[in-house]
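For the protein sequence lines, the chains are R and C, in the order given.
If you read the first sequence in our numbering, its first letter stands for residue 0, the second for the next number, and so on.
If you read the second sequence in our numbering, its first letter stands for residue 0, the second for the next number, and so on.
Source of the hints: derived by calculation from the structure; they are not laboratory data.
Please note that the accuracy of each hint is not assured.
No copy is singled out in the list; a pair is fine if it fits within one copy or between any two copies.
As the list claims (entries may be wrong) - With a straight-line cut-off of 30 Å between C-alpha atoms, the simulated DSS-like cross-links for lysine-lysine are:
hint: 1; residue 1: 271; residue 2: 419
hint: 2; residue 1: 230; residue 2: 26
hint: 3; residue 1: 121; residue 2: 29
hint: 4; residue 1: 373; residue 2: 271
hint: 5; residue 1: 365; residue 2: 29
None of these values were measured; they are calculated from a predicted model.
Number of protein chains: 2
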Amino acid sequence: MKSYLEMTKEERSAEFESIKAQFEHLKTLKLSLDMSRGKPGADDLDLSNEMLKMPNETTGFVGEDGVDTRNYGLLDGIKEAKRLFAEILEMPEETIIAGGNSSLTMMFDTIAQGMIKGLGDKPWIFDEKRKFLCPAPGYDRHFAITEYFGFELITIPVDENGPDMDMVEEYVKDSSVKGIWCVPKYSNPNGTTYSDEVVRRFANLKPAAKDFHIMWDNAYVVHDLKDDGDKLLNLYDECLKAGSEDMPIFFASTSKVTLPGAGIACMAGSPKTLAMIKERMKFQVIGPDKVNQLRHTAFLPDLKAVKEQMRKHAEIIRPKFEAVLNEFDATLNGLDIAKWTKPNGGYFISLNVMEGCAKRVGELCKELGLVLTKVGATYPYGKDPHNSNIRIAPTYPSAEDINTAAKVLSVAVRYAALEKLI
Amino acid sequence: MKSYLEMTKEERSAEFESIKAQFEHLKTLKLSLDMSRGKPGADDLDLSNEMLKMPNETTGFVGEDGVDTRNYGLLDGIKEAKRLFAEILEMPEETIIAGGNSSLTMMFDTIAQGMIKGLGDKPWIFDEKRKFLCPAPGYDRHFAITEYFGFELITIPVDENGPDMDMVEEYVKDSSVKGIWCVPKYSNPNGTTYSDEVVRRFANLKPAAKDFHIMWDNAYVVHDLKDDGDKLLNLYDECLKAGSEDMPIFFASTSKVTLPGAGIACMAGSPKTLAMIKERMKFQVIGPDKVNQLRHTAFLPDLKAVKEQMRKHAEIIRPKFEAVLNEFDATLNGLDIAKWTKPNGGYFISLNVMEGCAKRVGELCKELGLVLTKVGATYPYGKDPHNSNIRIAPTYPSAEDINTAAKVLSVAVRYAALEKLI
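Extracted from the complex, chain R is given alone in its bound form (with noise of 0.2 Å):
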């Protein structure tokens, strides 16, 4: 196809109405979609239909602790549950502690703890100045819990490698930035993950902070779309040798493996981070909802059930990817005005378009029926400097919808580029 740089200004008229005739066509079919936020399907959901079956008079309630998960106790969950993750996060299991149904909590947890107790240094919320780095595009709830708590929020640019470390290491010097969010592995939204050089420079940073600490956000740890998913270094492992181990605080979930609304989520860290988190939790939990672990665990008792389970959602939601990115290869190449990422696993695409016009494309489809990610969410202070990157969440739509999602999608883009050029 012709670049809309390239055409002459009647050929860029005569596509406008085209565009136009596309855009009145798709708005007489009244839609509904929805590719806001990182959701499942029904389909994925029904995946996870049989656990919810679990555990019951048959498989018994007292896990391997020898404890009636139906009952108080066990402040960091059931050992089944401790394991499954450090085989999912690929660490020892003394380093796990396994929540409840949420990550995001144990993150904005982690981080009010900083600012009242302290995270190994004096409470946060008495520094005048406190600031916190932001590899964007980015996890908009990430930068939401730290701009909530009055940290100054730093843009860290990121590219298929990961966050520019050379960005990182500079800013680390500097004793008021104390710590940075990443997503390490198929990063919302780009879907890119970590070269081993990035997560070895993470595990050598000398940050001036001694409670400096990196939230590595492994959501995606084992969401592959494709069965030669990207590999990530593991950072634990590299901190270990460094001497660093007690900067990382890990955290994953199952919200995409089994349930959003009803998962298991958990945190890890070297000995002394857990020792100084579980001092928070004893005042704050008895614990978590261990027969909620205990079904998880009696569905997918280890990794290799885990990677199965994934391998099933992948059938469903690689479809979607592939809708979108195809409808967006068949009409966006060649045309100079958008970018977009292929990722391997996770749950987003992103998608520049033309500097500029990123909101202009959100209002378009909004017209069209089609709520995208709040456009400028994935910046520090819902800001995207350049007004181009749009977060696109292809699993929510059914296998019908997406088709015409992504249509949609493509003809905003072109809408909205051919609006500024003309």
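Following the hints, put chain C in place on chain R, whose structure we already have.
For chain C alone, kept in the frame of chain R given last:
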């Protein structure tokens, strides 16, 4: 029986020899009994086994909100759960937030919010002095939360009507007093229910601190041991009359209705209070475990079902309370060395032994293989000024073990008293 206080020296010595013999006999039994926490027994837990079969493909996973409970969403819980808690607390549905498995976590998070963000005024962490009122004997985990956050804990004596309201009214004139912990019905550990007058005086408090809150933990709201249970006046209604509805924050859970390890919890308050709480929650979590909420409401759709469930619990628990009370009546009555409560509901018997003897009773019980709540725990800082109060949790031992446990207690109480008197 003859009062130990009125016995002659010889009579006491003879009695002590007899008690020592009983003590030595009990020791040979090598018991292993636990009355340390308010934990239900296995029989109680089994009452909810049917619940664990729901929801399923037959019942469906979509709640009245039209949301698939298995997926993300619904920050403040599903409609069915809010309605159930509204019925239980006798408060409007729109005052309810239905949450995860721990009301303790909701309380901790509320106080944490007060520390960092404030609860209607400046963040408490910047106050040089902050104080919290602690009716005692009371619940150790309440006191511990405010101790963790650096509050000065002020002991408020309680009698059969509830906290000493003269003292409460006096203390709240101090603007550094930020709140009070209350278990208003079948109080932990006394088992008493606040009188109507006490509830009205709470509603009409005029605290100097505009961010003073009553932490109204209605943990035992439906936990009657007998058909004619205690009646607690509705604090929210009284506050509405007094124009003080922003002052109380209500808590409850199904921990001792269904399963302590896997129940659902709620908090409740005025529109202003809920807005303030949700302003934090929206950064902390996407939604609670909604499948577990639906599981609960499928099993217990309304207050009638809850009351029927509690009647079944009472059939299991009441004989355990009676076993302890009968043993005390038979062996301690008239000795002038102990007093105990005879609650109509809740989870505890509060035993006051001879001043200065409670710790010794704890040691003696331990020697016989019976673990009690850490003696002193029912007071702020874990320090009972009279070293007299012991919280007895009769629910966890089996029906077979409870008689032995009661004997151990009685022997230990008499042993410690005689030791002191001789």
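Right, here's what the structure says about each hint:
| no. | hint | verdict |
| --- | --- | --- |
| 1 | 271 x 419 | neither (55 Å within a copy, 45 Å between copies) |
| 2 | 230 x 26 | neither (42 Å within a copy, 60 Å between copies) |
| 3 | 121 x 29 | neither (56 Å within a copy, 49 Å between copies) |
| 4 | 373 x 271 | between (39 Å within a copy, 28 Å between copies) |
| 5 | 365 x 29 | within (11 Å within a copy, 72 Å between copies) |
The structure fails hints 1, 2, 3 (numbered hints given earlier, in ascending order).
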